[in-house]
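Undergrad: Which chain is which? The protein sequence lines are A and B, in order.
All letters in the first sequence, in the order written, are residues 0 to 304 by numbering that gives the first Met the number 0.
All letters in the second sequence, in the order written, are residues 0 to 389 by numbering that gives the first Met the number 0.
Straight-line C-alpha distance at most 27 Å; calculated BS3-like pairs for lysine-lysine:
(1) Lys-296/A x Lys-20/B
(2) Lys-53/B x Lys-296/A
(3) Lys-8/B x Lys-296/A
(4) Lys-296/A x Lys-115/B
The set of hints was computed from the structure by calculation and includes no laboratory data.
Each chain, written out:
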Amino acid sequence: MADRQEPTAARVLSGALGWFSLGLGAAQLIAPGSVNRLIGIEDTPRYQDLMQAIGVRELAAGTGILSSSRPTGWLWARVAGDAMDLALLGAAGGGRSDQRRVAAAAAAIAGITALDLYTSVRLSRDTQDGAREEAMQAKTAVTIRHPVEVVYGYWRDFSNLPSFMNHLASVETTGNGRSHWTANAPAGRTVEWDAEIVEDKPNERIAWRSLEGSQVPNSGAVWFTPAPGDRGTEVRVELTYDPPGGALGKVVAKLFGEEPQQQISDDLRRLKQVLETGQVVVSEGSPEGTRFLRLAKQRPAQPIP
Amino acid sequence: MRANCWMGKTDLEVREVPDPKILNDRDAIVRITSTAICGSDLHLYNGFIPTMRKGDILGHEFMGEVVEIGPEVRNLNVGDRVVVPFPIACGACNNCGDELYSVCENSNPNAALAEKLMGHSPAGLFGYSHMLGGYPGGQAEYARVPFADVGPLVIEDDLPDEQVLFLSDIFPTGYMGAEMADIHPGDVVAVWGAGPVGMFAMASARLLGAERVIAIDRFPYRLQRAAEHLGAEPVNYEETDVADALQWMTAGRGPDRCIDAVGLEAHQANGALHAYDRTKQVARLETDRPHALREAILSCRNGGTVSVIGAYGGFVDKFPMGSVMNRSLTIRSGQCHVQRYMRPLLDRIRNGEIDPSFVISHRLPLADAPDGYKMFRDKEDNCTKIVLRP
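Just chain A, same shape as in the assembly (with noise of 0.2 Å):
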């Protein structure tokens, strides 16, 4: 996958930057209170829930730097995550906070901000890297207990994809195999698109594209294989695209968990549910069904008023 690369300066900063994530996200995560207590605010059962989200979102960082053999997306989002520790350490930090210890850990970020914006940009320009991290893409794969021509056929009929990707509002079928996709973005937005089938090999694999001047340049295929053993369809999918707003957008999309990697894999694991079971399977915890974002934030598992 990820070429062997000599480790250069900003390699080594930004393992160094993962590790340090990592360390601060589970000492905020496990002990909130003695952290608040060492930057000063205010030490309150609504600042350590705070201070406890704020450890998921290192751990994620961490997590991601380390593991990723392209961290700069992750990198990025720390140096967002940094301008938001220091706003919140800005609202925090009056009242009844100790001032001495605000200025030092505000100091104390600002130097570490400055570290991760050297470490992003350095890493960006790192040609190797800075090349492939301007699309996004994923892939992901499931068997579903259906013959090929069933798999493929709900897939090849464009209407029936919002039925499990969540993110879909409509995909309209135009004619000359193009269609007109209607998608829900963060923040209440839709963007809108029209694609064009690329490829289409009855019960073999469907390829689409955006056409040019979309918002949102894509692509992606999706392939159809008998699985061994007659236990039905293996079903792959790889994406590529560019979310709205470019760089940043993408910083944003990783910071929201919005990420394309997340969302195919929920949207195949809906997809099995609903070829083999009638419907998305849904929880009082999870109401919507899988649901990345839903995982951090479940509801208890006590019947919807």
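Assemble chain B onto chain A, guided by the hints.
TA: The following block gives chain B in isolation, referenced to the frame of chain A:
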């Protein structure tokens, strides 16, 4: 309705919550007539299972009357009396097709969480954390039962609740433990844990042809019950060294089949070893204390089978893999595929081969559930099994 809610570690509260509603076309709503506290509920109570949330309704052993069905449920009628299996299974995926219901591929909407911990996700379970689905449990007046066309077993009216309630979990779990142990006629079977699941494993070992059954526990009243009801030979690990006792009882061979019906909160007589695992558990360096499992492996005869039905959550330390590999042991394990066993075990109950109600020691109203958990955990008043009545 009233429901027993998890409010935090060792903090339960019977509270007023909304009534359940049909959410999927294959759901049914059941008015619960009997529900029980499981030994594995104590792992939730003691805070060992991650991804619990304040307000979660507990309970996965329940039965009752169908009061509402979704449009796709054709095998049940309103008014049917049903026992509900604890794993939620769709009946349509490849694993369900292979009767591996507790690893259903579709019933856990939060599968991504479980995958982080376990690699792949098992089925969703009632009242057993958000990693396993976020489904409300059955220690309540009503419950929504997903895939009601696959799981619930209809019971005719002549059998009382107490004889059939345990078809929801502990009787099939014990039975599967014995079945996985691959018992041959003449085998000596040792069972770690003489709680309800252990006792059903012992009873099932007998049904499957075991010649001798050995019960290992530390509570005399439990060992006595196992001896009286099931003819088990008791070993109290606080009074006797288990390895020595088993060597003596089997004249050096070791038991042919060993069943771990204890799981992740095992105790052991050696205080230092217990402290070692307890410390690592508290420090989150291991999540589970595998004393019983280690002992079962080391005790088992060469070429024998170790069957694990005690609940484990995450990671264990100092696992004697060398003993397993060099001595040709077979380890089998799994959450029970309850749907597979309900019908044949109901037949055994109806034939009079076994009356599962022998494990019950206490009957309490639902309102007393929090006290019941404490009594069960602390083994007060010779507590073995508590049935709650909503």
